[in-house]
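Engineer: Here are the chains, one letter per residue:
There are 2 protein chains.
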Amino acid sequence: MSEQDFSALSTTKSIQLSHGGGGQEMNKLIKGLFFKAFDNAILRSEEDAAVLTLEGKTAFTTDSFTVSPLFFAGGNIGKLAIAGTVNDLAMMGAQPQYLSCSVIIEEGFEIGKLKTIVDSMANELSISGAKIVCGDTKVVPKGCADGIFINTTGVGKIIQSGISVRNLADGDAIIVSRDVGRHGAAILMAREGLTLESELISDCNTLWPAVEALIAAGLDIHAMRDATRGGLSAVLNEWAQASDVGINLVEDDVPVSEEVRGLCELYGFEPFDLANEGTFIIALPQAQAQKALEVLEAFAACENAAVIGSVNNDHAGRVILTSGWGSRRYLDLPQGELLPRIC
Amino acid sequence: MSEQDFSALSTTKSIQLSHGGGGQEMNKLIKGLFFKAFDNAILRSEEDAAVLTLEGKTAFTTDSFTVSPLFFAGGNIGKLAIAGTVNDLAMMGAQPQYLSCSVIIEEGFEIGKLKTIVDSMANELSISGAKIVCGDTKVVPKGCADGIFINTTGVGKIIQSGISVRNLADGDAIIVSRDVGRHGAAILMAREGLTLESELISDCNTLWPAVEALIAAGLDIHAMRDATRGGLSAVLNEWAQASDVGINLVEDDVPVSEEVRGLCELYGFEPFDLANEGTFIIALPQAQAQKALEVLEAFAACENAAVIGSVNNDHAGRVILTSGWGSRRYLDLPQGELLPRIC
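For the protein sequence lines, the chains are L and G, in the order given.
The first sequence begins at 1 in UniProt numbering and counts up one residue at a time.
The second sequence begins at 1 in UniProt numbering and counts up one residue at a time.
Don't read these hints as lab results, they were simulated from the structure.
Cβ atoms here follow ideal geometry from the backbone N, Cα and C, with glycine treated the same way.
Among the hints, a few may not be true.
Said to hold, decoys possible - No more than 30 Å apart at the CA atoms, straight line, and that leaves these computed lysine-lysine pairs for DSSO-like:
#1 G:K36 / L:K131
#2 L:K57 / G:K131
#3 G:K157 / G:K291
#4 L:K157 / G:K291
#5 G:K157 / L:K131
#6 G:K142 / L:K142
#7 L:K57 / G:K31
What the hints assert, rightly or not - From chain L, some residues computed to sit far from chain G (all C-beta separations above 12 Å):
#8 E47
#9 C134
#10 G154
#11 R229
#12 G262
#13 L266
What the hints assert, rightly or not - Derived Cβ-Cβ restraints for the label pairs, each shown as a range:
#14 G:N304 / L:I201: 58 to 66 Å
#15 L:K36 / G:L194: 39 to 47 Å
#16 G:Q335 / L:S14: 16 to 24 Å
#17 G:Q290 / L:T116: 53 to 61 Å
#18 G:A213 / L:R166: 39 to 47 Å
Kindly generate the complete structure, drawing on both the sequences and the hints.
Structural biologist: The structure is reproduced here in structure tokens:
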């Protein structure tokens, strides 16, 4: 498809039902926009399925993104859709290799916005080197979706095996890669139309380069997970239950920015419950914690990495939070609505 | 999670935003409904990504399903979401192995309907033996989606290589596995509230058993594709262009049921443009056509399989339709809205 053909597409300005009908208009949209941004040999083959050559253990993960609003401080649904799935692969010690991309678009959606989103996806892919090799486009009538939903599903080669929610052990240190709650707070801010004097932007980010460096450093990572929906609280509770261990969390050691803390006080949220999209938690033997922090600190997004707790054999299945005043309480899995549609 | 816990879930009767929030309610929905229906060891591991052991060439494909209405004669969105992705793998000569399942549910959606859909998915999976090994659940506020959207993405081991849109050759026969246009017609009927005296049901069906038999018979399949959106017209036009050949289609040889023909006359559709969800087209050397028909006829859904055309070197890139009166015209890629949301 020539440049000229895509110009013709652009002049229609908004997505029509025919763009999802399987005919000429859909062909133009797919070739003029998606194929151009994500170009690679496998995608270009246009078969019913991409043909991949995979070896050894492969990680496989899926996520549908329905974030509202679509654009927020620090990213948009496109950046999020790539970072989110790439991060799920990275958290299994897998190098992100191939992604599928499936979009559901509401009739009337601006083609200019779609192009911005697709360009963000292409840009974010370049950080991990993963490629989009197959896709699907559906258009639904006005009022049947909210702008655009994106599903990305990914596969990656597992480079370090044995990383698992079930592998936490007595004596492990718990590390967080940066200050928590930024993504949830940025979405809340965008939704409420708040503007702060200070800059609060989402942590939305591809974590593979930092994970790759941790693996290359030869660390014995027991568990690793990005703290998305349900935040830090959800990850630690899942770990405590899956590994049947207790986790002690020291409140004052968890990095939280002033902006996030302020918003939480205003809205009655816990920073530990807020979603992140570029923040991960690591469990590894205490003796390796310092080395892990040194590796992380080389990455701009991980400057505030910190040891925030430890694993023990008391209170198996529970997370104990020690406050700044020394009081102790259970930190539970978040309950209720929290902040819907943060990813 | 115990039976009792799921009963507690069922009594809430409809999906709430909290079912997608990453907290306790979501955990209950996922474990009480999805894990129970799709149960297998990989899914149960609950890691950020499923760990698969894949060998050799692997096919990888994605589809988001937005069909409206969700229930239609011959199936529902759940059956469709499994058959659709499994069929895309089968069309590449790949044995369907692992699927991801990602759902976007509208707040207020009936849990009873969700259970029916999930049960249909589990049932359809049993036909090919593919397993759902990872998933994602999102809930959006009322009015932000239309009931439920399902994405399935699949991987499968390629058993017969070389099947490709680019491999059609002069002298190939074109075979269709059954009568065309049923799915599009069934959706149209459901949407318009039509009831016919005769039974018109969708062809929605898992094609892997028939494809497996064709491969086992040692046939030299050049190209194979299920005729979904855009119908037979879209497949043949894509093939003619990708392989740079001409395709002759004999109108009277294409099986079309009386019911589909009647609906097409009523609404001004072409049966060749209507979607199918369990009907596929094969190109293979003329000398093997009879053997292929014999293999197909052993399957109830392929009883009406027929040779419908042939491949030549004239009119490269175009499809020529010869009518019952002997007149000839180009059969073009469908254009315009057709029937939106048929899959």
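Engineer: Which numbered hints turn out to be false for this structure?
Structural biologist: 1, 4, 8, 9, 10 and 11
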